[in-house]
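Chemist: Residues per chain, in single letters:
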Amino acid sequence: MKRVSVDIGGTFTDCFVAWNEQYAEGKALTTHQNLALGFNEALADACGQLQLEIPLLLSQADSVRYATTLGTNALIERKGPRIGALVTAGFKSTIPISRARGYGEGLPEIEQMDIPNARRPDPLVPIPMIREVRERVDYLGNVLLKLDEEDFRIRLRELVDRGAEALVVVFTNSVVNPLHELRAREIFLQECPGHLLGAVPMLLSHQVAGRKGEYARSTSVIIDAFLHQTMYYGLGTLELNLRSQGYTKPMLVSHNSGGMAQLNSTDALQTLHSGPVSGIAASEQLARQSELGNVVATDMGGTSFDIGLVVEGGVKFYDFNPVIDRWLVCVPMVHLVTLGAGGGSIARFERMFGTLEIGPQSAGSDPGPACYDRGGLEPTVTDADLVLGYLDPENYANGRIPLNPRRSKRAIAERLGPHLNMDAIEIAKLIRRTVDSNMANGISTELRTRGYDPKNFTILAYGGNGPLHACGIANALGVQAVLAPPFSSTFSACGAGNVNQMHIHELSTWTTLFHAGTRSFLSDYQGFNAAVEELERRGRDDLMRQGVAAKEVRYRLELDMRYGNQRVETAVVTDISRLGSQADVLRLIQQFHRRYGQRFGEGSQSPEAGIRINTIRVCSFVEQPTVQFTRLVPSKCKEVKPKPRLYRECHFVGEDGPEWTGVFDHEALEDGVVIAGPAMVTTRATTYLVEPGWSLRGAPQGAAWFTRERM
Amino acid sequence: MNQETLPDEQALLDRFLADNRLFLGPDPEIMRDHRVGPRSDLEQTILEKGLSPHEVHHVRGLLNAALSEAFTMCNQMGAAPGAKWGDLVSGIYTARGDLAMIAPHGIIAFAACCFYPIKFIIKNWISDPTVGVRDGDGFIHNDARYGGIHNTDQSMMMPLFYHGELVCWLSTTIHEGENGACEPGGMPAAAESKYDEGIKMSPFRIVENFQLRRDLVTFLQNSVRDPKLQLEDMKVKLHAVLRLRERVISILDRFGRDVLVGTLRTHLEDVEAEVRRRIRELPDGTTRVIQFMDSSLRENVMQKISLAITVVGDRMIMDFRGSAPQFTNRAVNTNIASFKAALCTGLLQNIWPDLPHTMAVLSPIEIVTDRNSVIDAEGEMPQAMSLMPLFKACVVWTIPMNKLNFSLPQRYSATIASQYDQAATFIYGGLTQHGDVTGNFCGDINGNGQGARSNADGEHSVSPVFGFMCDTGEHEINEEDTPIIRLGAQRLARDRIGWGKYRGGLGYEQIATVRGSAMWGFMTGCEGSKFPSAQGLFAGYSCPSYQLCKIKGVNIFDVLRDTPQAIQEFDIVRLMNERPVSGARYSSVDMGMTFEICNEGELYMICQGSGGGYGDVLERDPALVMKDLAEDLMSHEIARNIYKVVYDEETLIVDEEATRKCREDYRRERTRRGRPFNEFCQDWVRTEPPAGLPYIGSWSDPAIIYAMSGGQRVTMKADQLHGVFMPNPKDVRIAELELQLAQLQRSTGGGE
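Protein chains in written order, with this note's numbering: chain A, 1 to 711; chain B, 1 to 752.
Take the hints with a grain of salt, since some may be wrong.
[To be verified] As a list, the in silico PhoX-like pairs of lysine-lysine whose alpha-carbon atoms are at most 25 Å apart: (1) B/Lys530 / B/Lys552; (2) B/Lys530 / B/Lys730; (3) A/Lys2 / A/Lys27; (4) B/Lys552 / A/Lys146; (5) A/Lys455 / A/Lys316; (6) B/Lys627 / B/Lys194; (7) B/Lys661 / B/Lys627; (8) B/Lys49 / A/Lys429; (9) A/Lys79 / B/Lys627.
[Said to hold, decoys possible] Pairwise CB distance ranges, derived in the manner of DEER restraints: (10) A/Glu426 / B/Ala273: 17 to 27 Å; (11) B/Ile597 / A/Arg519: 43 to 53 Å; (12) A/Glu426 / B/Asp215: 54 to 64 Å; (13) B/Glu657 / A/Pro193: 38 to 48 Å; (14) B/Val589 / A/Arg519: 40 to 50 Å; (15) A/Asn142 / B/Ala742: 50 to 60 Å; (16) A/His195 / B/Ser587: 51 to 61 Å; (17) B/Gln743 / A/Asn142: 51 to 61 Å.
[As the list claims (entries may be wrong)] If we take Cβ atoms under 8 Å as the criterion, some of the chain B residues that face chain A in the derived model are: (18) Gly61; (19) Lys235; (20) His239; (21) Leu242; (22) Gln349; (23) Asp354; (24) Arg453; (25) Ser461; (26) Arg486; (27) Tyr508; (28) Asp562; (29) Pro564; (30) Glu569; (31) Val573; (32) Asn577; (33) Glu578.
Quick caveat, the hints were computed from the structure, so don't treat them as lab data. Built from N, CA and C at the ideal position, the CB exists for glycine as well.
Model the full assembly from the supplied sequences, consistent with the hints where possible.
Modeler: Rendered as structure tokens:
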């Protein structure tokens, strides 16, 4: 396997190269003006380790895969075309009203609560660019009002005349009956033929999102249209860069569904958040190959703390209506929760409770924490880490960012000292304890909400600040071990290299498995089977378009099911891909019963209220070779206890005085090495902090286990 | 004989009276006290020993996460539309029943009155040998007279025992909708007594050994129209409470009883201290506001709600005396406990949104009312549509508090005019297209237009007045469950705006019909069709009044199929003005409609309203006026006549100089029309309400209350109020028609 995978983040571009049995990591600052430059630098970094020239590597690589925040950044910066929306008559305000709650999507809770200051985000489709078209289809797909084609032509022309650079069509219930949306595109192509200069793209909602919900589907197709050009040119530039350096195969792009596809089979919307999702994909791979069981993937960076879940047995966690930036959308995205807890999170005194609050405000990277010396005055988590002695002021971020400890101490003492009546060291400990507790709380909530106990999970800590806070989070969570995974500083890039080519297709349905009123079971097997077959066909076509043979395609069927009229749709992964008998129906019901009980508590099920399938989802994928993780059991036979490079005075939560703490280089992370806390290991990208009562054990492939030695 | 009773005899008498109570009805001692109670002995001991504020905060975070988890479970599992769109809450209470914390996203008011039934259970059931309170018990309740917003909300309350000791209470509440009332959907405006309100659960045990009792579940299912919903959501609330219990027990295991008990108490006291601190920051003085409810939902009648807020040091007194008396046979009453819960909500939603959601927010505030008023109703009165005064309570803060707040160096949120405060949604009932009986309400209740701010226009349909991050839902999904078809789904209501320097956020039109049901009907429980609901601030306009419009005697689906060009736009104003379907009956009535049958294809049309405006319209930036025109939010007529902007209607380019002159001219015109205040009062002020106006409440003297009896105006003393009995509107109408008939017969010379 010769593979290059890249995660282009907001600050760093990470590169992971799998070259037969060799693996190399590269890192560079992201070059927003031209992403190819940062990519080339990161690739050069990795190539240097492999002693290969870039053109040689690219000409021999079997694939190059990207996970990128390009779309996310474009969305935040509102860089996109002027979009016009054509919607069903009577629905013209659905988009601006945004289910009322649109003002608060994507905001921290404290801002959501502040209704008097509520502001909806600047719209991607301003009200004057929305037009109603006379048509209506009902929930079963029956046409209530036939598409008024003349009306459509007039509205289309109005939007084009108003300068629409892209068009979206969102007709109600088009996911059940797309007749009107499809006809709309035919008319559009008559009116605005694609070969003419000034032709604009038109996207149909049912082709972007397959589930019901006119608002969430609208935002999905709008964001897709908004990012289309930017992504097309951005990724196109990257592909040209590859071509110019000898790469000849199709470039692959990671999706937020946990899969990937060629550029020609990728929607812009599918690329959003694909970087963090790739980290979860890597966690899944690691958990399986290294036999870790259940895993919580945590990524602590400069501004946020991402949490993802990987559970044994193939249970998948998706957000079916994730929030992208400030908008609720309708695509199945691997579940990822982001907390406002990173190195830049600001600590402030909370008058009401006489204690500290951390975040959600962040100093970000500009001005950044006070110790960055860039004008930041507020004390942050990184300032606390520095004051406590954990960070090397000269070698932070591989020496890229010099730190000023005096600034940190001053910010903490001046901003917080007078309120708390504590010295800077004690306050720094409190900051650390608070932020670690917040993160532990986030993990705990994520797991428990889904019916799991944190004690049955292995925590993976990666990202720039992950290993620095691993022990603190574990202490707050009450778990015994944390794993800093192999390639932890480029873990998401590694994950981007591991995902399968995959496409997900969904269909809203009204399939009653058990009718409460008539006490009867589903008997129309053909309808169900035909729907599954159709979704499999679409996935197969997607993959075949990318050169995959039909026989290589695998399918995973997921059903969103519910009792009675619930809102919840619990996704059940089932091996029953075709129904042939009442026994199959019952088995499906039992699978749902188990899954539901596991999540919400045994006895909470209400089958007597009826059981329905609301969405049929088929994941079509082709399995490909992956980076091989070994079992990450530290070698006992060659256990060594190295001597530290130097000692530093550090302060720890729960310890009274300073501790003389050994500092080790990254070589200390070798398999078999055991370091007892308190200690630190500094690498190019991060610091591994081993708190008192903990030890760090080097494991194969550069992984390391934090293990609790005493309570 | 006048013999003094000996202490022993008195004790026996007291014991007899205590043991022989006919009926444990709502207890005024509980229901009238919204304050956090004094520390228990245990709390006193723990807090005297001292707790680290940092540890308390840590535990607070864990409790918040646990509450949030329980909230999410209800939201996800709940079958009621209210649960799906956010009308629910989970809460934790001290062992004495004081509400300490609620889930961050929950509906504050639900929990802010759930401590009343818990205190009822503590007072009456714990020591009652026939009931008792044990580990594994769960209590259900819905009757708002024992605490609650209205009887459509059902709560599950569970005591949490730790090592055999009761350490706290837990609850979940969902707006369930259907409750077997005389109208489907749980909010019967037609209720003439509490016996029309459907099932009325005083707090009773329905869970034993952590399991629902099937006999009682069956009884409740038998009492409502939607037994499926009743069963499903009882399970939901129970299992969410059980999850919460699990979390709290893990906190107890980790930190111990004292830390949990101390945290709950400290939280209450910290918040109360903060509220007192904020009151102290306000200038001393009194500010006032008067609100009017213009309908009993059966007839048009002006009901006054009068408020004076007085601040003296760290005391704040809200004086509602002089408000309208309660109705004996109309559903728009509320009891004082519910009213206070809504006040708590409004304070958090409009003035101090950063405060934690707990009863301690309202605890330091003194509230004065006239008993038996519409906001402090007692006895057998119906209160199924208590939302009417409660929504007023939510927004009543904006005018008086913004006056007090305005010049403060630090404010805790924006200065904002009143939000539109009506439950402008369809309540429905009947047979679904799937053959199920149901009754409930639509998520559109969650989209009230926001009041304008001192620095920005109000947001369109941003939230209900009682919660944040609530959801108006997706119609494609709603149409799967009910036969309601939206032909106009949330269309911003053009020209119906609270104008000002900054305008209120707009509401939206809702055009609904029905298809595929053998029997279906709607009701609407809204006021504000005669008198505007949302008040402007500092010269901003109020919102307009809004009507219910109907097109009956038509099957719109036939029209759309056979003559699709007949209807060009699903717009209420156009449909009503142009009357495009011949033969149909068009009507415009007030939005207080009791349940009526909607035949397939008939149209019912209502409107969510706009928030109030802020500041003088002549100060509105002409660019903002043009933006509203470009967005088709208003007509040129408004731009010219209200905002006095001169511009080109084609290009929307403003003539700045002409606009300045036009506005100056208009200011001079205003000055010319203006009169000295005393002179104005002489002409304007009347000694009593106009004779023809159905009016209840005080006029100039808050001690004298005007009311009606048998159609005649009467007065009563505010401290001796009694209920107003209204005649049946059908009887009134029959009498009118009979009178007309008699006149007609007289004029034509006919006889009886």
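Chemist: Now, for every hint given, state plainly whether the structure supports it.
Modeler: Verification of the supplied hints:
| no. | hint | result |
| --- | --- | --- |
| 1 | B/Lys530 / B/Lys552 | 23 Å, holds |
| 2 | B/Lys530 / B/Lys730 | 20 Å, holds |
| 3 | A/Lys2 / A/Lys27 | 19 Å, holds |
| 4 | B/Lys552 / A/Lys146 | 23 Å, holds |
| 5 | A/Lys455 / A/Lys316 | 20 Å, holds |
| 6 | B/Lys627 / B/Lys194 | 50 Å, violated |
| 7 | B/Lys661 / B/Lys627 | 21 Å, holds |
| 8 | B/Lys49 / A/Lys429 | 24 Å, holds |
| 9 | A/Lys79 / B/Lys627 | 22 Å, holds |
| 10 | A/Glu426 / B/Ala273: 17 to 27 Å | 24 Å, holds |
| 11 | B/Ile597 / A/Arg519: 43 to 53 Å | 29 Å, violated |
| 12 | A/Glu426 / B/Asp215: 54 to 64 Å | 59 Å, holds |
| 13 | B/Glu657 / A/Pro193: 38 to 48 Å | 47 Å, holds |
| 14 | B/Val589 / A/Arg519: 40 to 50 Å | 43 Å, holds |
| 15 | A/Asn142 / B/Ala742: 50 to 60 Å | 53 Å, holds |
| 16 | A/His195 / B/Ser587: 51 to 61 Å | 54 Å, holds |
| 17 | B/Gln743 / A/Asn142: 51 to 61 Å | 52 Å, holds |
| 18 | Gly61 | 6 Å, holds |
| 19 | Lys235 | 6 Å, holds |
| 20 | His239 | 4 Å, holds |
| 21 | Leu242 | 6 Å, holds |
| 22 | Gln349 | 6 Å, holds |
| 23 | Asp354 | 7 Å, holds |
| 24 | Arg453 | 7 Å, holds |
| 25 | Ser461 | 5 Å, holds |
| 26 | Arg486 | 7 Å, holds |
| 27 | Tyr508 | 6 Å, holds |
| 28 | Asp562 | 11 Å, violated |
| 29 | Pro564 | 6 Å, holds |
| 30 | Glu569 | 7 Å, holds |
| 31 | Val573 | 14 Å, violated |
| 32 | Asn577 | 17 Å, violated |
| 33 | Glu578 | 15 Å, violated |
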